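Q: Heads up: the sequence lines are chains H and U, in that order.
Per full-length UniProt numbering, residue 1 is the first one in the first sequence, and the count goes up by one each step.
Per full-length UniProt numbering, residue 1 is the first one in the second sequence, and the count goes up by one each step.
The set of hints was computed from the structure by calculation and includes no laboratory data.
Here are the simulated DSSO-like cross-link-like pairs (lysine-lysine), alpha carbons at most 27 Å apart as the crow flies:
#1 Lys421(H) / Lys44(U)
#2 Lys131(H) / Lys44(U)
#3 Lys421(H) / Lys131(H)
#4 Lys422(H) / Lys74(H)
#5 Lys148(H) / Lys238(H)
#6 Lys44(U) / Lys74(H)
#7 Lys44(U) / Lys422(H)
#8 Lys238(H) / Lys248(H)
#9 Lys229(H) / Lys248(H)
Predicted model only: the values in this text are computed from it and were never measured.
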Amino acid sequence: MKSQWRLAGVVLAGALLVTGCGGGGAAATGGKVDLSFWDWDPNMDQVVAIWNTAHPDIHVTLTNPAGGDQLVAKMVTAHQAGNGPDLAKVEYQSLPSLVSNGVVADISQYTADTVRQFDEPTLRSTRFDGKVYGVPQDVAPLMLFYRKDIFQQYGIEVPTTWQDYATAAATLHQKAPAVSMTNFDAADPGWFTGLMQQAGADWWSASGDTWRVDINGSASKKVADYWQKLVADGLVAKNPSFSPQWNKQMNDGSLATWISGAWAPAQLGGIAPATKGKWAVAPLPAWSPGDRATGIWGGSATTVTADAKHPAEAAQFASWLNTDAEAITAQIRQINIYPAATAGRSLPVLSSPPAFFPDQANFYDLVKGVAPTARSFSMWGPNVTVTFSGYTDRFAAALQSGGSFGAALDAVQSSTVADMKKLGFAVS
Amino acid sequence: MAATRRLRRTALPYLLVLPAVVLFLLFVLVPGGYALVLSFQARKVSGGLLGSSTTQVFAGLDNYRAVLADTELWSGIGRMVLVGVIVIPATVGLALLFALLLDVPRVRLAKVTRLAIFLPYAVPGVIATLMWGFLYLPATSPIGGDHVDFFSSVGVFFSVANISVWGAVGFNMIVLCTALRSVPTEVHEAARIDGCTELGMALRIKIPLLRPAIAMCALFTVLGSLQLFNEPNTLKPLSNAISSTWVPLMKIYDDAFVDSDLNHAAATSVLFTAAALLVSWVASRFVQSRAAS
Numbered sequence: 001m002k003s004q005w006r007l008a009g010v011v012l013a014g015a016l017l018v019t020g021c022g023g024g025g026a027a028a029t030g031g032k033v034d035l036s037f038w039d040w041d042p043n044m045d046q047v048v049a050i051w052n053t054a055h056p057d058i059h060v061t062l063t064n065p066a067g068g069d070q071l072v073a074k075m076v077t078a079h080q081a082g083n084g085p086d087l088a089k090v091e092y093q094s095l096p097s098l099v100s101n102g103v104v105a106d107i108s109q110y111t112a113d114t115v116r117q118f119d120e121p122t123l124r125s126t127r128f129d130g131k132v133y134g135v136p137q138d139v140a141p142l143m144l145f146y147r148k149d150i151f152q153q154y155g156i157e158v159p160t161t162w163q164d165y166a167t168a169a170a171t172l173h174q175k176a177p178a179v180s181m182t183n184f185d186a187a188d189p190g191w192f193t194g195l196m197q198q199a200g201a202d203w204w205s206a207s208g209d210t211w212r213v214d215i216n217g218s219a220s221k222k223v224a225d226y227w228q229k230l231v232a233d234g235l236v237a238k239n240p241s242f243s244p245q246w247n248k249q250m251n252d253g254s255l256a257t258w259i260s261g262a263w264a265p266a267q268l269g270g271i272a273p274a275t276k277g278k279w280a281v282a283p284l285p286a287w288s289p290g291d292r293a294t295g296i297w298g299g300s301a302t303t304v305t306a307d308a309k310h311p312a313e314a315a316q317f318a319s320w321l322n323t324d325a326e327a328i329t330a331q332i333r334q335i336n337i338y339p340a341a342t343a344g345r346s347l348p349v350l351s352s353p354p355a356f357f358p359d360q361a362n363f364y365d366l367v368k369g370v371a372p373t374a375r376s377f378s379m380w381g382p383n384v385t386v387t388f389s390g391y392t393d394r395f396a397a398a399l400q401s402g403g404s405f406g407a408a409l410d411a412v413q414s415s416t417v418a419d420m421k422k423l424g425f426a427v428s
Numbered sequence: 001m002a003a004t005r006r007l008r009r010t011a012l013p014y015l016l017v018l019p020a021v022v023l024f025l026l027f028v029l030v031p032g033g034y035a036l037v038l039s040f041q042a043r044k045v046s047g048g049l050l051g052s053s054t055t056q057v058f059a060g061l062d063n064y065r066a067v068l069a070d071t072e073l074w075s076g077i078g079r080m081v082l083v084g085v086i087v088i089p090a091t092v093g094l095a096l097l098f099a100l101l102l103d104v105p106r107v108r109l110a111k112v113t114r115l116a117i118f119l120p121y122a123v124p125g126v127i128a129t130l131m132w133g134f135l136y137l138p139a140t141s142p143i144g145g146d147h148v149d150f151f152s153s154v155g156v157f158f159s160v161a162n163i164s165v166w167g168a169v170g171f172n173m174i175v176l177c178t179a180l181r182s183v184p185t186e187v188h189e190a191a192r193i194d195g196c197t198e199l200g201m202a203l204r205i206k207i208p209l210l211r212p213a214i215a216m217c218a219l220f221t222v223l224g225s226l227q228l229f230n231e232p233n234t235l236k237p238l239s240n241a242i243s244s245t246w247v248p249l250m251k252i253y254d255d256a257f258v259d260s261d262l263n264h265a266a267a268t269s270v271l272f273t274a275a276a277l278l279v280s281w282v283a284s285r286f287v288q289s290r291a292a293s
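Modelling step: build the complete structure from the supplied sequences, incorporating the hints.
A: Right, here's the structure in full:
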């Protein structure tokens, strides 16, 4: 989601937006409130336009300075300089560290009505110690996206367990050596933490004010060992995702599956435009037959920053964006989100599949079916960036020189704990 | 009257250097001083599970101790030196070769060729690296990336070095070409009358006369190698071969903006700057003594 290769395009788009909005922005006078909003969703400008038409007194200006973790770094830096935006999109895993850095504001007083529109498991991602730090935008259960044409060509059944998945990978490798089941991505930890959650790992949990960090526990090691074997047997490719190499592999059918979040259809259009209609989605394979648990990859909230000059109006926009039927419908249609708001999950727009999956009419039914079984960690740690850069470096090194994935997890655990202790967090 | 003239004469030089001094103060000394202050502090959190209140506390030499004990930083320095060992001789050597070849009287299309060799210098490092990235990746490579692994554990050093050399040769070649121009034509004529070949002239006359310019090019390239960042940082997302702490400047960037540990990054920056100043001082002394001999 956050490769540098995209950044170029994103920066360009952001620059165009800035210049595009620059013309009209200066006209804001009188009782009119101007809000700045950082968000990297494709087509979010069309959703913001709906708000701006309906609310002439509160104008929202959208910019797209970066995506994902890079936006988090920009938010922290901008906050230190005292010129952060009023609103920003933040992925759930980054929210605790932004709260800890004092970057996002407590908006409990403005969202008393808003929070009633979400169920408890969803709210847990944005409410800490009883304070609300963001309005959930979407939930992204981890699912198995597969090339139905490739599966059909080589007679492969859609795997329902990880055992089946490994068998299918071996069959595919035997019948078509040039095609890999998937690639092990060491650059972006999102999919891998999702697999950890599915297996029951709980990387961060808390009792009182004391943290417990368990990145290298038995559940995590089980997942790591499983993938190490697939890599060692040459059944999955080793190159990182979201790179030109990967785009080409996804586009030309060198990769048969993608373990990804429910937001994948909107991304696939840009990654592999030639594969429209060739993909299908299935629930993530299970560790034991019939176990329906899955993990999550991403999912975001709209946050109000501590630098916001009009927090009440900003919170009003964040609530509208994520609870108003028209706003959610536009986001499902334009951005392919699976909404976080309870009522949003019954909107009529969900009865038609995303544009990139024209043949899979039950796309959102499947997502709706697995969403309640998506497990997350009890909490995301206050320094996930350290954990994630540890993942990237350690697993990349293990792939490069054949090291052990289990040892990589041990190293990530110790660097994460060391950093938390250094900052002054209580870690048991 | 005389007093105003004297004042004007004494004030003018200061007025002329003022813009440079102001810029230097604002963008080098002040941030440098701020980094020095940060390097003696540490961020501590308190107040509940998420530590919603953050304070900067005095940390003495703790950050410096941590930096010196940081094995990843030392490995990064090792990798930087390895790339430098490839880049420095290759850049200076190729620049010298091209400059000498273009100086041979019967060479054709000299101007066009010189411009063509110089052109890569005009391409910003990040853009050049994006382009080379496409050339290296197996799926998109037109130069045999599907047969040669440009991102193997050894190959990656050459892949990174290649981009630096490609970008820097042209500039150094221009410096050497200009220096060659200043060699008096009488020297060339005398050599030719004595029956010296073009090769002999290059080896026995031009290279010795070029020494100061070669030394300067070497110094530029050493300084460039210390600042290695754009090429590996832009190649990083393409492969597993480059970590986020691959060279010292990437480590500093990672500490400051990914791990949010500005204090550790500041201490590393202070030490790295001191070391870089030392290296360039030693290099320039060495260069001067060689140039004089």
